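Residue numbers (UniProt numbering), protein chains in the order written: chain H, 1 to 284; chain Y, 1 to 293.
Don't take each hint at face value.
To be verified - Below 27 Å or equal to it, Euclidean Cα-Cα: the simulated BS3-like pairs (lysine-lysine) are:
| # | chain 1 | residue 1 | chain 2 | residue 2 |
| --- | --- | --- | --- | --- |
| 1 | H | K276 | H | K171 |
| 2 | Y | K6 | H | K171 |
| 3 | Y | K101 | H | K272 |
| 4 | Y | K6 | H | K101 |
| 5 | H | K107 | Y | K101 |
| 6 | H | K107 | H | K171 |
| 7 | H | K171 | H | K201 |
| 8 | Y | K287 | H | K171 |
| 9 | Y | K201 | H | K8 |
To be clear, the hints were calculated from the coordinates, so they are not data collected in a lab.
Just so you know, these numbers come straight off a predicted model, no measurement behind them.
Each chain, letter by letter, is given below.
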Amino acid sequence: MTAMTTRKTVRRVILSTLLLLLGLAFLFPLYIMLINSLKNRAELYMSPVALPMGMLWGNYAEAARKMDFMRALGNSLFITIVSVVFIVIFSSMCAWMIARKNDKLSKLVYFIFVATMLIPFQTLMMPLVQMMKWSRQTLGVPVLNTYGGIIFMYIGFGMSLAVFLFHGFVKGIPLSLEEAATLDGCSRGGVFWRIVFPMLKPTIVTVIILDIIWIWNDYLLPSLVLNNKALRTIPLSTSSFFGVFTIQWNQAMAGLTMAIIPVIIFYFCAQKYIIKGVAAGAVK
Amino acid sequence: MVTHKKRERFWFFLFVFPALISFFIVVIIPFLIGIGYSFVSWDGLSMNPVKFVGMDNYARLFTDVRFGESAQHTVIFTFLSVILINVLGLVLALLVTSRLKVTTIARTMFFMPNLIGGLILGYIWKFILSDAFKAIGTQSGLTGVFFNWLLHPTAALMALVVVITWQMAGYVMIIYITGIQSVPEEVMEAATIDGAGPWRKFFTIELPLIMPSVTICTFYSLSNCFKIYDINLSLTGGGPGTSTEMFAMNIFNEIFSYNNYGYGQAKAILFFLLIAVVAITQVSLTKRREVQL
Numbered sequence: 001m002t003a004m005t006t007r008k009t010v011r012r013v014i015l016s017t018l019l020l021l022l023g024l025a026f027l028f029p030l031y032i033m034l035i036n037s038l039k040n041r042a043e044l045y046m047s048p049v050a051l052p053m054g055m056l057w058g059n060y061a062e063a064a065r066k067m068d069f070m071r072a073l074g075n076s077l078f079i080t081i082v083s084v085v086f087i088v089i090f091s092s093m094c095a096w097m098i099a100r101k102n103d104k105l106s107k108l109v110y111f112i113f114v115a116t117m118l119i120p121f122q123t124l125m126m127p128l129v130q131m132m133k134w135s136r137q138t139l140g141v142p143v144l145n146t147y148g149g150i151i152f153m154y155i156g157f158g159m160s161l162a163v164f165l166f167h168g169f170v171k172g173i174p175l176s177l178e179e180a181a182t183l184d185g186c187s188r189g190g191v192f193w194r195i196v197f198p199m200l201k202p203t204i205v206t207v208i209i210l211d212i213i214w215i216w217n218d219y220l221l222p223s224l225v226l227n228n229k230a231l232r233t234i235p236l237s238t239s240s241f242f243g244v245f246t247i248q249w250n251q252a253m254a255g256l257t258m259a260i261i262p263v264i265i266f267y268f269c270a271q272k273y274i275i276k277g278v279a280a281g282a283v284k
Numbered sequence: 001m002v003t004h005k006k007r008e009r010f011w012f013f014l015f016v017f018p019a020l021i022s023f024f025i026v027v028i029i030p031f032l033i034g035i036g037y038s039f040v041s042w043d044g045l046s047m048n049p050v051k052f053v054g055m056d057n058y059a060r061l062f063t064d065v066r067f068g069e070s071a072q073h074t075v076i077f078t079f080l081s082v083i084l085i086n087v088l089g090l091v092l093a094l095l096v097t098s099r100l101k102v103t104t105i106a107r108t109m110f111f112m113p114n115l116i117g118g119l120i121l122g123y124i125w126k127f128i129l130s131d132a133f134k135a136i137g138t139q140s141g142l143t144g145v146f147f148n149w150l151l152h153p154t155a156a157l158m159a160l161v162v163v164i165t166w167q168m169a170g171y172v173m174i175i176y177i178t179g180i181q182s183v184p185e186e187v188m189e190a191a192t193i194d195g196a197g198p199w200r201k202f203f204t205i206e207l208p209l210i211m212p213s214v215t216i217c218t219f220y221s222l223s224n225c226f227k228i229y230d231i232n233l234s235l236t237g238g239g240p241g242t243s244t245e246m247f248a249m250n251i252f253n254e255i256f257s258y259n260n261y262g263y264g265q266a267k268a269i270l271f272f273l274l275i276a277v278v279a280i281t282q283v284s285l286t287k288r289r290e291v292q293l
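Sequences are here, hints too, so could you generate the full structure?
Structure representation (structure tokens):
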């Protein structure tokens with residue numbers, strides 16, 4: 001009996017160790033990035049896999065300066081947060097209304113949102129750029145190189161999936177609470193904000209997580225909308241860092257490490273929600 | 001009664017309007033305009049004329065060698081990547097649903113690359129697969145494996161497969177975990193009692209029961225690989241030459257680098273049609289394999 005349990009324990013320890021080793025192997029590229037961000041050029045080419053001999057923090061200072069890192073971080077935070085807040089508010093309002101109304105018009109609206117999810121961004125990018133030019137020249141409304149312009153676009157692009165997710169969730173919650181509130185004299189708006197919106201919390205979390213990951217990491221849209229250096233997001237400043245300077249890999253690695261730090265912090269703060277949100281978003 | 005109806009309509013539009021208007025301006029209108037652009041010849045400069053050419057742009061697509069090659073790269077890349085992503089993702093999911101204590105940490109590690117944007121991942125791997133690999137090769141003498149992958153057409157395409165697999169395996173793992181956890185414990189136990197080994201149990205019971213997850217994961221990985229741009233741009237930039245240029249990059253270059261606005265847009269419309277056809281076919285194919293308990 002004891003022999004069997006010991007054998008089981010040994011097996012467990014071995015399997016656990018193997019799993020952890022596999023996990024570490026998975027993160028090996030990030031280790032390479034980290035160690036090489038602290039080397040000088042000669043050392044980096046001499047021994048790209050070995051731990052650094054010294055700690056050259058100067059690489060970080062230099063990369064931060066070239067990338068204008070703090071500004072890019074601020075831009076990324078601002079654009080992501082504002083876009084996500086609006087996506088959540090607008091899409092939940094719309095999804096609730098069309099799910100509850102469920103007449104022909106609502107069904108059409110829902111169908112349009114869902115059917116267009118297959119359109120890739122590449123199909124829309126050129127007409128969008130043309131519309132941006134037109135809106136400035138003809139309407140006098142600047143879209144290119146404005147925070148408002150890119151945020152508006154993220155709101156539009158974020159609608160489909162968010163409406164789809166909220167719609168599915170609303171269908172699953174019973175009507176009785178809402179009816180009771182209406183009988184007590186609550187307006188439609190009151191019913192939504194006081195009763196429904198708080199109940200949507202699980203889906204709100206899912207939408208927030210999925211949209212943060214998407215908007216934070218998006219490169220193509222900002223590269224078309226934000227040409228002004230002062231408005232660059234982190235992906236844009238990273239790519240310009242690689243484009244303009246002949247690659248000094250040690251500084252480049254420092255830059256990449258900095259670009260990843262906010263994501264890592266976010267991951268450790270919201271890990272539980274991230275895993276849940278991704279699972280919920282995919283299964284629906 | 002009339003005022004009630006009016007009030008209802010007011011609320012309806014108040015709630016639906018913000019979502020709908022932003023969506024229309026950003027998605028529907030550009031899509032429709034885009035269809036129109038695909039029938040013209042234009043270089044994107046407002047002082048130059050926009051010439052209607054009918055179906056010429058679409059006809060030209062069939063003789064465009066570079067576009068054909070980018071299609072080839074995309075298909076090979078997508079085929080290999082989808083298989084690798086799903087096999088690895090499923091294996092990881094099976095590993096982390098065992099009753100070990102370290103599974104939570106392991107999940108965190110496997111999922112990590114997904115939070116980092118494709119552009120940044122591409123740059124990290126660019127260093128590893130080019131300079132670091134070369135240095136390791138010269139020092140260890142294993143130049144058969146460790147050489148600058150990004151200078152060799154086939155190896156560079158494989159490099160893209162490696163990076164996307166690394167990024168997405170952790171994502172589909174999460175979806176497979178949900179599927180595996182929904183397989184009833186009793187069914188698996190019954191099979192064990194009946195004497196089924198672990199392989200048999202997996203292939204005849206578990207796999208058919210998690211087919212819905214397979215549908216979702218193949219759909220997700222397929223459409224993502226098909227549309228790949230960021231990693232393509234930062235890892236290989238389409239090179240060496242144009243040997244790793246995919247659909248998305250080819251379209252971008254046609255429009256914004258060579259200023260063929262109409263022709264590039266025709267490619268973009270075809271790209272949309274391809275994605276729609278492939279995605280719908282795939283979903284209906286894998287759906288047929290799903291079983292109900």
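Hint consistency between H/K107 and H/K171 [alpha-carbon to alpha-carbon, up to 27 Å]: Roughly 13 Å separates the two Cα atoms, so the pair holds.
Between H/K171 and H/K201, does the CA-CA distance stay at or below 27 Å? holds, 15 Å
Holds or violated: Y/K287 to H/K171, with C-alpha atoms at most 27 Å apart: holds, 24 Å
Hint consistency between Y/K6 and H/K101 [alpha-carbon to alpha-carbon, up to 27 Å]: It holds: about 15 Å lies between the C-alpha atoms, which stays within 27 Å.
Please verify whether H/K107 and Y/K101 have alpha carbons no more than 27 Å apart. Answer violated: H/K107 to Y/K101 is near 47 Å, above 27 Å.
Pair hint outcome, Y/K6 versus H/K171 [Cα-Cα no greater than 27 Å]: holds, 25 Å
Taking 27 Å as the top limit, are the C-alpha atoms of Y/K201 and H/K8 close enough? Holds: Y/K201 and H/K8 sit about 21 Å apart, inside 27 Å.
27 Å Cα cutoff - pair Y/K101, H/K272: Roughly 16 Å separates the two Cα atoms, so the pair holds.
Just to be careful, I want the Cα atoms of H/K276 and H/K171 compared with a cutoff of 27 Å; is the pair within it? Within the cut-off at roughly 20 Å; holds.
Hint 5 from the earlier list is the only one contradicted by this structure; the remaining hints agree with it.
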